[in-house]
Every structure is written in structure tokens, then in C-alpha cells.
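Build the full structure now, drawing on both the sequences and the hints.
Protein sequence lines correspond, in order, to chains A and B. Numbered by my numbering, the letters in the first sequence go through residues 1 to 619 in order. Numbered by my numbering, the letters in the second sequence go through residues 1 to 474 in order.
Just so you know, these hints were derived from the structure itself, not from any lab. Each residue gets a CB set at the ideal place from its N, CA and C atoms; glycine is no exception. One thing to keep in mind: the hints can contain errors.
[What the hints assert, rightly or not] Computed beta-carbon distance windows for the label pairs: (1) B:LEU24 <-> A:GLN595: 51 to 57 Å; (2) A:HIS59 <-> B:GLY57: 48 to 54 Å; (3) B:GLN54 <-> A:PRO209: 54 to 60 Å; (4) B:GLN54 <-> A:GLU197: 41 to 47 Å; (5) B:TYR137 <-> A:GLY196: 56 to 62 Å; (6) B:ALA68 <-> A:HIS59: 39 to 45 Å; (7) B:THR53 <-> A:PRO209: 54 to 60 Å.
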Amino acid sequence: MDVWALLIIPIVTSVVIVFITRKWKNLSSYLSIAAVIACFFIVLPYLIEALGNPHMHGHEQAFTWLKVSGLHIKMGTFIDSLTVVMLCIVTFVGSLIHIYARGYMEGEEGYSRFFACLSFFIFAMLGIVLANNLIMIFIFWELVGLASYLLIGYYYQKPSAADAAKKAFLVNRIGDFGLILGIFVIYYATGSFNFGEIEHQVMAGHVEPWTMGLAALLLFCGAVGKSAQFPLHVWLPDAMEGPTPVSALIHAATMVAAGVYLLARISFLFYMAPPEAGIVVAYVGGLTALMAALMALAQSDIKKIIAYSTLSSLGYMVMSVGLGGTGPGMFYLMTHAFFKALLFLGAGSVIHACHTNSIWEMGKLYPKMKATGVTFILGSLAMMGVFPFAGFWSKDEILSTAFDSGHWLLYGAGTLTAFITGIFITKIVLLAFFGKKRYHGNPHESPPSMTIPLVVLSVFAVFAGLAGFPGLEPNFGSFIPSHGHHGPHHFNFLVAGISTLVVFAGILIGWKLYTGEAEPAHRLKAQYPCLYKVLENKFYFDHFYDGVLVAVIYNGIGKILNFIEVNIFINFLINGFAYNVRVVGRALRGTITGQLQHYALFMVSGVVVLVLIFLQYFV
Amino acid sequence: MEMNIGRLIPEFIMLGGAFVLLILEFFIPKGPRKWAGVFGICLSVVTAVVLSTQGYGSALSGLFIHDAISLYFKLLFLLVTALIFYMTILYEKNIENWRGEFYSLMLFCTVGFMFLASSSDFIGFYVSLELVAITLYILATFTREKSKSVEAGLKYIVTGALSSGFLLYGISFIYGTTGQTGFTEVAALVINNGGNGYLAIGLALTVLGLTFKVSGMPFHVWAPDIYEGSPTPITALLAAGSKAAGFVVIIRILLTALGSVRAEWLVLVSVISGASLIFGNLAAMPQKNIKRMIAYAGVGSAGYLFMAVAAASTLGTGALMYYLTTYVFAITGSFIALVIFYNSEGSYTIESLAGLARRSPLLAITIFIGFLSLAGVPPLGGFIAKFYIIAAAVQQGLWALAVIGVLMAVVAMYYFLIVIRSMYLRPAINTEKIRVDNYTRILLYGINAVTVLLGMYPGPLTDWVMAIADTLFV
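This is the structure we're talking about:
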């Protein structure tokens, strides 16, 4: 029953903080930290078991949740090596970020509320990871969405934060719509929600390949929303309105990776489905990776740059899973959790010191903040994938998966992304920590509760990649059960060499651009005004959603006559969603005039119309 | 055919209680009547106990039937009555010129609900329906001093009379075709002889007339004004009780009496369902007043319930009962919270709820849970209910309805979240704390726990409702 404790401890902690200990800030934060650390210690024995035996037999336990004619749902948990990896990331990185947040959030209003939300998030996230069936995944999927909404909107007095929270929530609902449809399709095809039973049915070939492809792509919609893939990527950069520890935990290390985790969980579907399904996924991932990297180039907000690089990394993972490389994808997920959390926390430390997000108002912080500087640089090297840091090994596995698959476009996109990543990560490091002094006031190093998590994370950012060291047994590739055509990973020197070369080229270009006295951003703007503008405006996605689609529909005629079409469009129109439906609602409300005669007229004509419709069918 | 008056004991207990209150009113000076509320709650509990010991069977020469369905719905009505009596005790001071008839009339209304649940004959059903309707007309206009209440009552009467006209007209067509008024007799004739055009018209008009009670399209027009204008406990009674009573009759007529011609009424019920879903949910969005919003949301709920009827299966009918049960808890819980809020604030607008989370966390969380359950958010009871209904629709191949249902669940999220945002994220205009007494506190904790429990562990209740639904389709 210890598995259930993983869910019970955080939710009880959250409730206790909200109802009882809210007034005592420190106690609340200690409770929350203790809860997540306790979870980590519950997970530890499973990790040891999994390390001893990578092909561990899944632990499954379930109870009947509801049973009606033709519908029998069991709620339960399932633990195999894939689960263990995620559990460790969530509880371990979660613990560090909880500790960090104690320092970072010092003196903020709603300190206890913050920790209650964090514990609630841990509960919801562990629920997704532990679920042994799609219904439970869906429920907890929505709950992490709620946690994310609450935490992005933490500074709810700020309109931009409230808007960002709303945007994240609404965009995610669109993906979730696909997810729930996918769940229904799977149930329709296999008669079960349980992963084990579905896999059994699917692998036995009892399901039409076409149905599987449809189901896989619909479930992928859910992942597109949660993991912020093109075209639903727009919410993630805005989500940076939340406090930095939230960005690190939810919007970098864990929740956004839930989509990738879901894809890994159902990888057998992609294996048995027509190959096109996987290809679609891979191309969406590749496109997201490249596009996000390009957009990162023109940003000047330190958190936004890292957010775009997160998008780009998520694209990598999705691409890998789409190509059948579940192992490499999950490997990257793990290393990414470490170095991305590290980068965010480092950025948070810098923001904490300078009280600004703009990298143009930092500079020459290294002498002032040695601990943050060193760890941030280590994280950057891991992020760029420089040998022998963690990112190198995991990125290399993904690139060789793409290379071996023969999809040259994807391989090219991946390599190009690595190159661009080199440029903008170098840019952050140079502008924030070196070069000319641009900060105001007197920044100083953050307290130990913030720097210690940084140091611990940097150790993992450096060494975690060695889990995928070629020839090591158990290697990470064999650790995660994979249905792909790819057996144990072979180290490809050509791929590794090329990626190392392009990364160094990227660093070099970044170095040339962002050292020296002139303001390179203005120089670039002057040289390539159009390109820079496009990138700065994120390829005009938000403009497109906000301006073009919303405006066309809104000004279009027939608000009521074609409101079905309007509804369909609205689902594509993220920001216009609420607005347009409200317009229809107002029009409908207009039918209730308050005039009794109108009511009677409405009723009688309604009866006449319906009776006519009815008689058409009947007679 | 025997009279079997003994089977009507639970109804007689309630009726007796109503008369006792009515007579006592003559002898007792004006003033608060909280004891009458307590009396009503005790009476409901006693009746529920007596009801549970009653054997199944028919009475009054077949006009009245007591079976698993009527037992379930009567228990639900008694629960609603008890909760609404409690709400009325809290609300009492808002009714000027207080009269004890208020409680007495509510008991009459409950008796009407109970007879509706047991009716097995078109005539008996119509008489019970009018008993409910007339008491509700009076209750809706009870605060005569407020012009809004009078206006609401007048609209309610006129539209109600119109719908009764359609209903009676429909019933007369059915009688004209079959020569029978008993549900089982009609069913037997329809199975043997099949339907014809007259039966079809009768059927259509009857179903449409019934949509009035449950505020479904196209007879929903009264709902927003009446919900807003009535005293709040009556609004809750309309939302929770009247809807359930309407649907128990719809189940009996459509699934028992006319179950064999499902293919013919399917289109009609589907259109009503789809139209109610779309209209109710979209029109709820721009509302500023919570009671009006609930009225429109209630039209949407009627859409879901009609979808369950259209599915005409064990799963669908069981889901309908489950939905109504979760609906009762969500509505009564949030209305009790709203009444307490109204007592201190005198307003029902969404804006006035701003900052409620700081002023009274308990009231805010009750409305939060109640509304999210209405919206169908897991892991609350409302999610399970909506899920079953949509699953039943999919099972029967009603894809279009299922898709509309899912889409409208998203829309419902939106307008319920507006209220929640106002309570949790807006700064309070008036920061004074709102006090909640201890009984109410315990009751609200209980209602919230039930709503959560119905979502987290629906097993026992689903087993029960599905077993009941099974008896319809044997």
C-alpha cells in the first residue's frame, strides 16, 4: 500500500496547509518540503529494484472504482521502470525545487498558498505517473492543469499573470478534448481503459491498424497541449509569469514532460499503428524544436529564452518518441529535467539579485555571484550538449535515432536546433554573467537554501548523462521498454562528431556576437530588420490567433445562423474562445425578453417547429 | 383492482403534516416559524423510514404504483425537502409578513412530487402535476411585496397553463387512439397495434408539455425570470425537485408506456436535448446574476438528462438517476451557501461574490465544489454523471449528441469558472467576514463530502441505480 501513500501524503499536506497551518508560513513550507521528500524516500526502493533488474516485473494494484453494465473501471497504480524514472524525477527534482522555493519566495504574499499549490501539484503529477489506466490519467491530467493554472496566476493582481493563466488553461483544454476522444476510441476498440489490457489487445492484433492510428493521434493531441507542441505551444512562454520555482518544476522538469510520458506509455500503439502516425508526431516535434529555437534567438527576457529552449527540448523528445525511440526520448526527458531545472533556478537566483528579467540589465554578475554563475554555466553546457555533459549523451541518442530512421529532414532540423541552441545559450551566459556591467543597485549571492539545490542539480546535470554511456550495463536504453525497431543504442561517432561541431560553431558565433562593446541586438536589428522582427514576434502566432482569426470570425456575418461553425472555429481560436461564445450567448439571451407575449409566442412556435420536424420523420 | 390504501401511508404522513401546519397557523401569533421548518425536516425523515419499509405493488385501482424507481425518487424528494426546509429556516427573515403557509405549501409540493413518482396513469399523473404546479405558483409569488416576485409568478402561471394545455391535448390524443389511460395498458396496446399518426401527435405534445417542468427547450422561457424572482429556497426546489419529478414521469411515459415506439420519439427527444444543451450553456455565459445563470445552466442540464432518456438503456436511465442525485447535492449545497451570503449582502450578482474566499472560506469552497460538480469536473460527482450519460449516448450510437455534450461541458466550465474566479481572485469590496453557524457548517461539510465522494467512489450508488434501471428493461 506504500504506493497509495505517494498520493495521500501530498494531498493531505495540501489540505492541511489550506485549512490549518495557513497562518504559520514557515510551518507550511516545512510541511510541504517534508511531504515531497517523504515521497522521494518511498520511491527510492523501487529505483533500487529497477536498477538491479531493468526489466522488472510491473507492480500493479487496483480496486474496482465503478462497475455498470458494459463498463468496468478499475482505478489502480502500475510501476515499471518507466514509471520509476518519472517518479524519481518528480520527487527528486521536486524536493530540490521545494527547498529552493523556501528562499526564493521569502516575504511574498501568500507564501503558504504557494506551498499548498506545490503539494497539490506533486499529488496530481504523481497521479499521472502512477496511473494504470487512461481514465485516471485523464483525471490527474486535468488536476495538473488546475495546479498549473493556480500557480501561473500566482501573482493574480498582475493582469498579465491572470491572462497567462487563463491562456494556459484554455489552450490545454483544446488538447484535452482530443485526449478524451482518444480515450473513447481506445475504449471502443479494446473495451478497456487499463494499459496492460489495451497493450495485450493491441499486440495480439485484435485492433484495426487504422483505429489505432486514430487513437494514437488523438491521444497525441493531449500531449500537444500539455507538452506545448506546435500549434498549441503559445501558452508556455506566457506561463513564465508564474514564480520561477514554478517555471522550473512545472513548466520545465515535470508537467510539460507529462505529454512525452503519455506517448512513451502508449508507445505500443505507435508501434502497431500505421507508420504515418508516428511520422506525424515526429514532424510536429521536429518543427517545434526548430521553430522554438529560432524564436528564442530574439528574446531578451531571461526566463522567456529558457522557456523557448524548453519548447525546443520538448520538441526533441516528441520527435524521438515519434520515431520509435522511446528510450532516447525518456533519457532526454530525465537529463533535461536536471539541467533545465538548474537553468531556471539559476535564472531565478539572478532575477532575485537584479530584480529584472531583462538580460540587457545584468552583465558582469559572475564576480558577484560565483555559485550561481558556475552552476549556471555547467547547466548551459549540459543544455547545449557539450561533451561529456548530460545533454550531450541524451541529445546524441535522439539525433542518432533520427539519423538511423532515414528521415533526413528531421535529422537536419535536430542538428540545426543544436546549432541555434548554442548561440542563444551562449548569449545568456555572456550577457548575464560577463561583459559590461549593466545592472542597477548592488546584487549579491542568494541564500544557501537557493544555492544548495543549484549545486546538487549541477552535479546531476554534469553526470546524469553517463547513464547512457555506451557499453554501460544496465544502459538507459535497455532500461526503458521499447517497442521500436531500435535495439540497444549504438554510439554513432559521425552523429556525435557533427553535433559537437555545430554546437561549437554556435558557441563561437554567439561569442562573436555578444562580446565587444557595441550593442549587438541593435546591430542585428539594423542588418536583418525583417528577420529579427519576425523572430521577435514569435512568428506572429499570437498575432495570428488574436488578430486574424478572431477578427475575421468576429466581423463575419451570421453569428447565430452558423454558430456551430463558429464553435468549431473557436476551438482553434485560443484567445477568441471566450469572447466569441459570449457574443453568441448574448444574442441567445436576447430571446428572453421579459415580455410574456414573447414567451408564449416562443413556446407555441417551438412546439409547431418540433412537431413538424417530428412528423417529417414519422409519417 | 384493489384500493390498497395502506401503500399510500408515506404520502398521507406528509399530507397530514401539511394540514397540521396549516391549521396551527390559525392559532399561533405572527412571528418566526423556525419550529415549523424543524417539524418538516423531522417529518421527511420519518416518511423516508416508513417509505423504506413499504412493499412494492400498486394501489388505487392501478392509478398508483410503488416500485424501485418510485422508491428511489421519493427518497430523493424527501432529501431535497429536508435540505430546502433547512434553507428556508435560514432564509426566513427575508420574507416580510411571514406566514407559516410557506412550510405547509412546500409539504404539499413534496406530496405532489411523491405522487408523480408513483403515477402510472395519465390522469393520475396530470392531477399530481397540477398539485405540484399550483403550489409552486403560490410559492414563487410568496414575497408579494416585491414586484419582481409577482411578475415572475404571473409569467410562471401563464406559461405553465400554456404548457398544461399542450400536455392535456397530447394526452387526449393518446387516449383517443388507444382508449386507455393507464401506462401499462397503453404500452400493451402500442406493442400490439404499433403507432399511428394520432398517437405520434399525442406523443409529441405530451413530451413537449413535460419539457416545461424540467425547463427544457422550447418551454424553458419561464426559467430565468422565475429563478431570479422567486424566494431562493423555491428556486432551489424548482431546480432540484421539479427537474427530478419531471424526469421520473418522462421515464415512465417514454420508456414504459411508449418504450416500444422508441424509434419514433428518438428524433424528437434528441432535438430537444441538443437544443437545450446548446441554448442553455451558451446563454448562461453572459449572465451577471447567479440565479439566472443557474437557470440557464439548468436548461443545459435538462439537455443532458434528455440525452440519457434518448439513450433508452439501463446505463442511460441509471446515469439519469445518478445525475439527478449529484445535481441535488450540488444545487442545495451552493444555494444554502448563497442564502447565507444573501443574508449578509442582499445580492446575488457574480460581482458581489468578489473576494468571498477571504470573507468566508467555507461558503466559497461549497460554491466552488457545487459549481465544479455542475460543470462536470473530475473528481466530483457531476463528472461521473456526465460521463455515464455521454457513455450511454455513445453506446447507443448517438454520436452527435455525445459530441455536443462534450463541447458544452467545456462551455459550462467557462461560466462556472467566472464565478469561481470572482470568489477567489478578485479583491473583496466589503472585507467583513461572514459568519456561518455551527449546524450549517457541519451540514455544508457533509454536502461537500458527499459530492466529492460521489465522484471518487461512485461504486455503491451506481450499483444501486443500475439495478433499478434494469427493472425498466426486463
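Practice task
Return the numbers of the hints above that this structure violates; sort them in rising order.
Solution key: 1
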